[in-house]
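*Asks:* With the hints as extra help, turn the sequences into a complete structure.
Sequence order for the protein chains is A and B.
With UniProt numbering applied, the first sequence corresponds to residues 1 to 293, in that order.
With UniProt numbering applied, the second sequence corresponds to residues 1 to 319, in that order.
Worth flagging that the hints you see were computed from the coordinates, not collected in a lab.
For clarity, every value in this text was computed on a predicted model and none was experimentally measured.
Wrong hints could be hidden among the right ones.
[Claimed, not checked] Here are the computed lysine-lysine pairs in the BS3-like style, where the Cα-Cα straight-line distance is at most 27 Å: (1) K149/A x K255/B; (2) K275/B x K149/A; (3) K280/A x K118/B; (4) K275/B x K255/B.
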Amino acid sequence: MSATTVEAAPAQARPAPVAAPRRRLPFSPWHLLLMPLSLLFALPLVWLVLSSVMSNAEINRFPPALWPSGIDLGGYRYVLGNAMFPRWFANSLIVSAVAVASNLVFGALGGYAFARMRFAGSRVLMVAMLATMAIPFQLTMIPTFLIMKRLGLIDTLGALIIPSLVTPFAVFLLRQFFLSLPRELEEAAWIDGCSRLRVLYLIVLPLSRPALSTVAVLTFLTTWNDLTWPLIAINHDTQYTLQLGLTTFQGQHHTQWAAVMAGNVITVLPVLLAFLLAQKAFIQSITSSGLKG
Amino acid sequence: MSSLPAPLTLSDHDRRHRTLRRRRRRETATAWAYILPAVLVVLGLSIVPFVWSLLLSFRADDLVTPSRWVGVDNYDALTQDPHFSQAVRNTLLYTALYVPLSMALGLFLALVLNRRIKLVGLYRTLIFVPFVISATAQGVLFSFILDPEFGAANSVLHALGISRQGFLTDPGQALLVLVAISVWSGTGFCVVIYLAALQDVPPSLLEAARLDGAGRWQLLRHVVMPTLTPVSLFLVLWQTINALQVFDLVYVTTKGGPLGSTTVIVYFVWEQAFKNFTAGYGAAAAYVLALALLAIGVASRLVRGRRPAGAVLVEGGAK
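*Replies:* As structure tokens, this is what we get:
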């Protein structure tokens, strides 16, 4: 085993000495490629922020100003002064927060039962739940609308909250993670008379941070960013989510691009902040959910 | 358990048997209490609608008045509906362009970003950030940038001496512009997945190949690429499923126009069900899409054999 680590070390270090004699620039030539390319990826977002602080006069002339002459917060004032916009933000926040919390709770409970308990029908249920992941949302959206209508929930936040309460993804990701934990830890506490729930809460969950944060991150991302379902389930603008509000906002305020862009910045900000603050967890959650499950 | 050798006293056996049974019953009850919310929501809002949708697709339904059975008429009508065939064509073209472009660019960037150079973390972040932005926000932003009259894109083209473009308002360009926006936002995902896979290429294998005199290209072609094959297959599946389900971006930017040039299947389904109130017809179209997705899933399963990851993946795309 020590042989491989010794071997691995020079293999990692190798590229630098090989490249050194050929190097003529004071930096790696790859920067010449990566700098413009990554700027290309960032440019639309930079432009989003810049245009949100431009005055309408700067935006509405052709060619438009490519750099704001000063910071004009008119767009933001307009958006935040709009009676509806803060409300949409609150709606989005409520729906996403409930979805994250309930996916963690119900996902953990369900995942734990599937991982650690034996009961009649568990295998059938598990296969059925797994199979539902293959059903595309477009197939279920019309009947889901009809169900919500019968429950009298159309046009309420309830219609947005109920379908996102728990996803099979959360249940299975957590189940897989719980299975990877050593049973012995729980058994000791269990034999000492700890209830299942206490074992889950005191022993299993604290060990499951990576899986829990994956579920939280991905749930927040999908609920906050969703447009299709709110578009179907909500008609009245007091119940709009931010995404839905933004689409109508754009139509009504075509000339007020600064305001539309300010609204867009506000819509993007929570996800962007979450990403920048927890970049590592974010990327890990994307790759782990994608590859290892 | 009950078939254990009979204990000495019958009463003891009975008691133990009963405790065991009681404990097991309690375990079952607890387990059900734990999974009930998940079962109710997941099965209630996917298996029930799954069947309901099938029934719906054989009916004429306007979501208000009672529906009536029409058999396969909806499916018949779909085959003759030029709007539907256009939607299918648009979706396939979008998928055929988006999947290889995002993957090729993703692989290329991942190979470059896998090097140990300065600022590599910053580059990765810049390339990945568009991925977390909602399709709605992307759509609103690009409607602004690509506005044919006031947009920044045309002013840049103007400065370069290129005439004004219609972008999303030009039937010949709109779908291609949507592909470009999707590549902009979706490449970061491919980069991240490929980067993760590149970490798994065994360094000893690379070293061995290098000692055998393999050049850069040979290393890439014969050592790196083969280890990336499973991940590439995953990405083909993942990106294709997502591409076939594209909706939000279309809704925000073009609403299927101009002249139906960006009407994709999901947009068609949505339009039929919630705009024209022909829910049965929309459900039939949705079933056609679902069958296509199912076929892709089954085909990939056959190609890849048994890999547990596959099932978990479909979910993210479903929302």
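*Asks:* Could you work out which earlier hints the structure fails to respect and list their numbers in ascending sequence?
*Replies:* none
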